[in-house]
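Each protein sequence line maps, in turn, to chains P and F. For the first sequence, position 181 matches number 315 in this note's numbering, and the numbering has no gaps at all. For the second sequence, position 144 matches number 165 in this note's numbering, and the numbering has no gaps at all.
Calculated directly from the structure, the hints in this document are not laboratory data. In this text, all values refer to a predicted model and were calculated from it rather than measured experimentally. From the three backbone atoms N, C-alpha and C, an ideal C-beta is built for every residue, glycine too. Honestly, I wouldn't trust all of these hints.
Within a straight-line C-alpha distance of at most 20 Å, the following computed DMTMM-like cross-link-like pairs (lysine to aspartate or glutamate) qualify [stated by the list, open to error]:
1. 34/F x 319/F
2. 167/P x 202/P
3. 271/P x 507/F
4. 735/F x 542/F
5. 496/F x 254/P
6. 212/P x 507/F
7. 827/F x 507/F
8. 488/F x 238/P
9. 271/P x 238/P
10. 864/F x 239/P
11. 167/P x 211/P
12. 368/F x 177/F
13. 672/F x 600/F
14. 864/F x 137/P
15. 488/F x 239/P
16. 167/P x 344/P
17. 496/F x 239/P
18. 271/P x 255/P
19. 793/F x 211/P
20. 496/F x 253/P
Every beta carbon over 12 Å from chain P, so not counted as near; a handful from chain F, in silico [said to hold, decoys possible]:
21. 108
22. 500
23. 659
24. 718
25. 789
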Amino acid sequence: MTDVVSATELTRCYGEGDAAVQALQGVSLSIPKAQFAAVMGPSGSGKSTLMHIMAGLDQPTAGQISIDGIELTELNDKKLTLLRREHIGFIFQFFNLLPMLTAEENIRLPLQIAGRKVDDDWVDRVIDRVGLSDRRKHRPSELSGGQQQRVAIARALISQPTVIFADEPTGNLDTTTGNEILALLREAVDETQQTTVMVTHDATAAATADRVLFLEDGRIVRDMPKPERSDIMATMGALTG
Amino acid sequence: MRRLALKSLLGHKLRAALTSIAIVLGVAMMSGTFVLTDQITSAFSSIFQSALKGTDVILSHRQAFTPQQGGGGDTGPLPASLIPKVRAVPGVANAEGQIQALGAIVVNGNVVTPSGGAPTLVLSTLPKPYNTNTLTAGHFPQGHGQIAVDTSLANDQHLHVGQRLGLTTDQGVKPVTVVGTFDFADSASLGGATLVSTTFSDAQRWYNRVGKTSVIVATADHGLSPVELKHRIIEAVPGFVKVQTGSESADQQSKDISNSIESFLTPLLLAFAIAAVFVGAFIIFNTFSITVAQRMREFAMVRTIGASRRQVLRTVLLEAFVIAVLSCIIGLVGGIFVAKLFNQLFKALGADLPLAGITIRTRTIVIPVIVGMSVTLLAALIPAFRATRVPPVAALREGATLPPSRIAKVVPYLAALFLIGGVAIVVQGFSSDAGAFSKILRLGLGSMIIFLGTAMLSKYLVRPLAKGIGWPLQKLAPGPGRLARENAMRNPGRTAITAAALMIGVALVVFVAVFVNGFKETFLGALDRSVSANLIITPRSQGQTMPPATVRTAATTPGVAVATGIGFTEVKINHGGTDVINGIDPGKLTQVYTFDWQKGGSNVLLTRLGTRGALVEEQFARSHHLGIGDTFMVTAATGRRMQLRVLGEYKDPVLFGGFMVANRTYIKLATDPGPGVVLVRYVPGVDPVSGEQTVKNALQAFPTAKVQTTQEYKDSVSNMLNRVLLLLYVLLAMVVVISLFGIVNTLALSVFERTREIGMLRAIGTTRSQLKRMIRLESVITAIIGGILGIVIGILLAWIVTQGLKDQGIVFAIPWGQMVACLIVAGLAGAAAAALPARRAAKLNVLDALQYE
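Please model the complete structure; the sequences and the hints are all you need to start from.
As C-alpha cells, this is what we get:
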C-alpha cells in the first residue's frame with residue numbers, strides 16, 4: 135500500500151517570543167491509500183492545525199508534508215491552490231455551500247472552477263450515491279442540515295481527490311443524520327478507495343474510521359488501529375482527565 | 022448606545038470613509054461653486070471699483086433694457102457737446118469724455134485675441150484722477166497714432182515702447198505705435214481681458230464716434246459730495262442721460278455681472294453638485310441598508326438586554342449624523358479646491374475669468390451643510406427604521422434574515438407612480454409656456470423623481486439584466502463568470518441601488534450627449550437646408566461685430582457674386598421681453614438664403630420691406646400674437662422706439678429667430694451697425710480654393726473677420742459644441758466617480774459578508790486571480806446594469822425635452838456611437854471600482870476566512 139499523505143516532524147508555532155504557542159510539536163504520520171483515518175484530541179490539542187497543514191491550507195513552521203508524493207512546503211500559494219483543486223476534497227462542519235446555487239450547481243462547482251470537462255454521468259452517479267437525486271434543483275436554504283452535508287460530500291467526491299479532509303462533519307447534525315453522513319463517508323472509502331481524514335471529537339464518529347490518531351499538546355500520543363467506541367472513550371477520557 | 026454607534030464607525034473606518042466620500046464631494050462641489058462665483062463677482066466688483074476710484078460722477082446713455090449679450094463697448098454714445106455743458110454745471114471741477122470700444126491689436130499681421138474669449142477693450146486715455154492705471158513704462162498716449170497697452174498684454178506679445186503694430190477699428194486696421202505700458206488700477210487680474218489706451222480724438226474717429234463720447238466723467242469741487250454733484254448734473258442734462266456717482270456705477274456694474282453669474286454659472290454648477298449629492302444619497306442608503314443587515318444580530322442582542330426600538334433607531338441615526346458632520350467639514354474645506362478645479366477647468370476650455378481672493382460667505386457654509394446633513398440623515402432613515410424591526414430572538418438564531426421592510430409591498434406601485442409622475446412633470450414643463458428657468462427646474466425635479474422610481478423598480482430588473490449581461494461573461498470565464506452572475510443576482514435590491522447610483526451619472530451624460538447632438542444636427546441641418554453660401558465670415562471674438570466696410574470689401578472682390586451682411590441685436594418688443602432683430606439686405610439675402618415662407622409669403626415681400634416693414638419668424642408671431650398686417654413696437658437699448666408692420670411670416674427658429682428688417686431700419690435700432698455674419702457666394706465657375714484665398718486677401722484690412730468655407734464654419738460650430746460637451750462631461754465625471762465609490766463600497770461590504778464563502782472557494786481550489794475576476798465581473802455586471810438603465814432614462818429625458826423644443830427646430834438624434842462607448846466605459850469603470858474589494862478578497866487568509874463568523 136502506498137502512502138498518500140505523509141508527514142514528518144511537523145511543528146507549527148503561532149506567535150513569537152513569550153506569547154508563542156506550539157500547536158504542533160513534531161508530528162509524523164502517514165496515511166495509506168483507501169484508509170479512513172480519524173484525528174481526535176481535546177480542544178487545543180492541535181488536531182485542526184494538523185488537518186489544515188495536511189490539506190495545504192496552512193504551512194508548518196518546520197517539517198515536511200506530502201500529498202501523493204508532492205512536497206507541499208515547497209509550493210507557493212498558486213501551486214498550493216492548484217494542488218488542492220486536484221488532490222484534496224473538503225467537508226466542513228458548517229457545510230459552506232453557496233446559497234445562490236442549487237444543490238447540483240454546488241456539487242459541480244469544483245469542476246467548474248477547475249475548468250474541467252464535466253462528465254454528466256459521473257455527476258449523476260455521485261448525486262445518486264449521496265441520495266440527492268430528487269433534490270438537485272433545491273437551494274441550500276431549502277435543504278435540511280443532513281441534506282446540505284450530503285451536498286458537501288458530493289462536492290468533495292466530484293473531483294475524485296486523492297484525499298478528503300472532513301472537519302467535524304457531524305458536529306452540526308443530530309445523531310441519526312450524523313450516522314447517515316458517516317455511513318456515506320465509510321461507503322466512499324470502501325467502495326471507491328477514497329482516502330479520508332476526519333477530525334472529530336465524537337467517539338461514535340471516530341469508531342467508523344479504520345484508525346484513530348490521538349493528539350495532545352501538539353503530539354500524537356496514540357495511534358489506534360481498528361478502533362472500538364469504548365477504547366476511544368477511554369483514551370479520550372484519559373487525555374482530557 | 023451612543024458608544025455603540027461610535028464604536029461601529031471607528032471599527033469600520035474604510036466603510037465610513039467610502040460612505041462619506043459621496044457627501045464630501047457633493048458638499049465640496051456646492052461650496053466650491055459658491056466660493057468660485059463669489060471670487061469672480063468680487064473680482065469684477067474690485068475691477069469696477071478701482072476703475073472708477075477717481076470718478077465722482079459718470080454720465081452714460083440710459084438703456085431701455087440690459088441686453089443679455091453684454092459686449093464691453095458703449096451702449097449708445099452721448100453727444101460730445103454735453104462735455105462743455107457738464108463742465109459749466111456749478112460745482113464741477115472737471116469733466117472729460119471717454120470712448121469705450123472693442124478692438125484688437127495686430128502683431129505681424131495676426132490679430133491677437135485674448136485667451137478665454139475675454140475682450141480687448143479700447144479706452145481713450147483720461148487724465149488724473151480718473152485714470153487709475155499705473156504706468157510701468159513710457160507714457161500714456163498724447164498724440165495721433167499712439168497707444169498704451171496693459172502690461173500683461175505687452176508681456177504676452179513681447180511688446181515694447183516704440184514698437185509699431187496695428188489696431189483693429191471700425192475703419193479697418195490702423196497703424197499705431199506703443200508709447201507706454203501700464204498696470205490696470207489696483208488689481209492686476211482682469212481675467213483674460215486686455216486693455217488698449219488711445220487718445221480721445223483717435224478713438225472718436227476710429228470707432229465711428231466723431232462728435233460723440235461713450236461716457237463723461239466728472240469730479241466735484243472740493244467740499245462737494247459726489248451725490249450732490251450728481252443731482253446738480255441731472256438738472257442740467259437731457260433725460261436720456263444716465264447720471265450716477267462713481268460708486269453707484271461701480272456697484273451697478275458689479276450687480277449686473279453678479280446677476281448674470283447668479284442666473285447662469287451658479288445654477289449650472291449647483292445642478293452638478295446637487296446631482297452629486299443625490300447620487301450620494303443612494304450610496305448612503307445602500308451602505309446603511311447593508312450594514313444594518315450585517316449587524317442584525319448585534320441589534321437583536323442589544324434588544325434582548327433591554328434596548329428599546331427608539332434606542333436602536335438612534336444608534337443608526339447617530340452613526341449617520343457623525344458621518345454627515347465629518348463629511349460636511351471635509352467637504353467645506355474641499356470646496357476651496359473644487360473652486361480652483363472648476364476655474365482650471367474653465368481656463369482649459371478657454372474661459373478665463375478674473376478671480377479675487379477667497380472670501381467665505383455665510384451661504385457658502387450654510388447651504389451645503391444643510392443639504393449634506395439632511396440628505397445623509399434622510400437616506401439613513403429607512404435603513405434605521407428597518408434596524409428597529411429586528412426581533413430580539415434573531416440574536417439566538419443562526420442565519421436569521423431581516424424582516425422585509427413595511428413598505429416593501431407597495432414599492433412597485435410607488436415606483437410606477439414616481440415614474441409616471443416624474444415623466445409627467447418633465448412633459449408638462451416642456452409643453453407649457455413656462456420660462457426657460459422654470460422648465461429646467463421642472464426637468465431637474467422630474468428627472469430626480471424618475472431616477473427614484475427607476476431605482477425602486479430596478480430591483481425587479483436586476484435578475485433578467487444580470488442574466489443577460491452575465492451570459493457572455495460566463496462563456497468567457499466559466500467559473501468566476503458564473504459566480505459573478507449569481508452574486509450580482511443574489512441581493513437584487515443591493516445591486517439595484519448600486520447600479521442606480523451609476524445610472525444617474527450615465528443618464529445625465531446620455532441626456533447631454535443626445536441633446537447636444539440634436540442641437541448640432543439642428544443647426545447644421547438648418548445651414549444645409551437654407552444657406553447656399555460658399556463662405557461664411559464671422560467675427561473672431563464671439564458676440565462682437567465686424568466693421569460695416571467688411572461687407573462692401575467682400576462684395577467687390579473679384580469672383581464674388583454676392584456678399585451680404587446680417588446684423589443682429591436685441592430689442593424690446595412692445596412692453597414685454599426682448600427678442601432678436603435681424604438686419605438684412607433685402608436685395609441680396611435670397612441669393613444665399615432660401616426662405617421657408619409661411620402663410621403664402623414669397624421673396625417679393627423683401628422688396629416691400631421699406632423702413633417700417635418686418636418679416637417675422639413663426640415662433641415670434643405666435644408668442645406676440647402677430648398676424649400679417651399687424652404692427653408692433655420695438656424699443657432699442659438706446660431708448661429709441663419704432664413701430665413696425667408685419668409683412669410676412671417665415672419659419673427658421675434656428676438661424677433667424679425673432680424678426681427681420683431691412684438694414685436701413687436696423688442701423689437706427691442697433692448701437693453697433695456692423696454685421697455679425699457675412700455670407701458670400703462666388704460667381705459660377707470660381708475655383709473654391711482660389712476664391713477663398715482671394716476673399717481672404719481682400720479682407721486683410723479687417724483681421725477681426727474670420728473667413729471660412731461653409732464646411733469649415735460647420736466644423737468650427739461642431740467643435741465649439743464638442744467643447745461645451747466636454748465641459749459638461751468633466752463636470753458629470755464627478756457624479757459618475759461618486760457612484761463608482763458606491764460600487765466599491767457595496768462590493769467591499771459584500772466581500773466582508775461573504776468571507777466564509779470566499780474561504781471555502783479558496784479551499785476547494787479557486788485561485789486568487791479567479792477570485793479577483795469573480796469580483797471584478799460582478800462589478801462589471803452591476804455597472805453595465807447601471808449603464809443600460811442610464812442610457813434608457815437619458816434617451817427618454819432627451820426625447821421628452823426635444824419634443825418640447827420641437828417648435829424651436831431642435832431635432833432628436835441619438836449618437837449611437839457615444840451610447841456604445843458609454844456602456845463600454847461603464848463596464849471598464851466597474852472593473853476599476855472592483856480593484857480594491859477584489860484585492861481585499863484575494864488577500865484573505867483561507868483559514869481565517871473559513872473560521873470567520
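If you test the structure against every hint from before, which numbers come out violated? Result: hints 6, 7, 10, 11, 14, 22, 25 break, sorted rising.
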